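J.: Sequence:
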Amino acid sequence: MSISKILLACGLALGSLSLATAPAAAAVETKPAAKKPVKKATAKAKKAVEKPVVPKEPNPEEDEPVITDSSVTEFDCELGNKVAIYQNVGDDEHIALRWKKRLHRLTRVGTTTGAQRFENKLYGLIWIGIPAKSMLLDSKLNRQLANECRNPEQLQPVAITEKAPEAPATAVQ
Numbered sequence: 148m149s150i151s152k153i154l155l156a157c158g159l160a161l162g163s164l165s166l167a168t169a170p171a172a173a174a175v176e177t178k179p180a181a182k183k184p185v186k187k188a189t190a191k192a193k194k195a196v197e198k199p200v201v202p203k204e205p206n207p208e209e210d211e212p213v214i215t216d217s218s219v220t221e222f223d224c225e226l227g228n229k230v231a232i233y234q235n236v237g238d239d240e241h242i243a244l245r246w247k248k249r250l251h252r253l254t255r256v257g258t259t260t261g262a263q264r265f266e267n268k269l270y271g272l273i274w275i276g277i278p279a280k281s282m283l284l285d286s287k288l289n290r291q292l293a294n295e296c297r298n299p300e301q302l303q304p305v306a307i308t309e310k311a312p313e314a315p316a317t318a319v320q
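Numbering-wise (the numbering used here), the sequence shown opens with residue 148 and increments by one.
Watch out, some of these pointers could steer you wrong.
[As the list claims (entries may be wrong)] What follows is a set of in silico ranges between Cβ atoms, one per label pair, in the way DEER data are often shown:
1. Arg249 <-> Lys280: 21 to 29 Å
2. Asp238 <-> Lys268: 29 to 37 Å
3. Glu309 <-> Val213: 45 to 53 Å
4. Leu226 <-> Arg249: 30 to 38 Å
5. Glu300 <-> Asn228: 14 to 22 Å
6. Asp216 <-> Thr259: 31 to 39 Å
7. Glu309 <-> Lys229: 31 to 39 Å
Treat the hints as calculated values from the structure; they're not laboratory data. This one's a predicted model, so the numbers in the text were calculated from it and none came from an experiment. Ideal placement from N, C-alpha and C gives every residue a C-beta, glycine not left out.
Using the sequences provided together with the hints, build the complete structure.
T.: This is the structure we're talking about:
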């Protein structure tokens, strides 16, 4: 016999052997694989039934406020910072403040000086507004975030109008 005939016979024997064992191996592999997902699905279904889904309670300080129907005032601050304040006409107790692409809800805090002070205790933001300027503070890090913030109305120069003091009327005799 020649070597080519022996190699051909070996190749045919190996080929037939691999074909005969492939379906049996495939059948053995599919049975356990089919059982595992069914068990996981039923276990997940039981867990879902056991724990009811509780809706998250809204947190006004954490959630972003809705700014539709709000008037907006934009402030230009030192170092190129920008702040926008959104205020509803009927609500003087809250404002929405846009800082660094995030909206925060702030609540009014009473002051003895007449300044407007709004706070968000969760994030530590404090907005203080006086007639000449406003500033944004971070109470958690104890630093200023934005200072010398002015809206377009505050950027206009102040016109000083002084009245000349009136001289008392004296009669000369």
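J.: If a hint holds in the structure, say so; if it doesn't, say that too.
T.: Going through the hints against the structure:
1. In this structure the supplied range 21 to 29 Å holds for Arg249 paired with Lys280, their Cβ-Cβ distance being about 22 Å.
2. Remark: the range hint 29 to 37 Å for Asp238 to Lys268 is contradicted by a beta-carbon distance near 19 Å.
3. Distance hint check for Glu309 and Val213: the Cβ-Cβ separation is about 47 Å, which falls inside the suggested range of 45 to 53 Å.
4. For Leu226 paired with Arg249, a C-beta distance near 18 Å fails the hint of 30 to 38 Å.
5. For the pair Glu300 and Asn228, the supplied restraint of 14 to 22 Å holds, since their beta-carbon distance comes to about 18 Å.
6. Checked against the given bound of 31 to 39 Å, the beta carbons of Asp216 and Thr259, roughly 32 Å apart, stay inside it.
7. For Glu309 and Lys229, the hinted distance range of 31 to 39 Å is satisfied, since their beta carbons lie about 35 Å from each other.
In terms of the numbered hints stated before, the structure departs from hints 2, 4, listed from lowest to highest.
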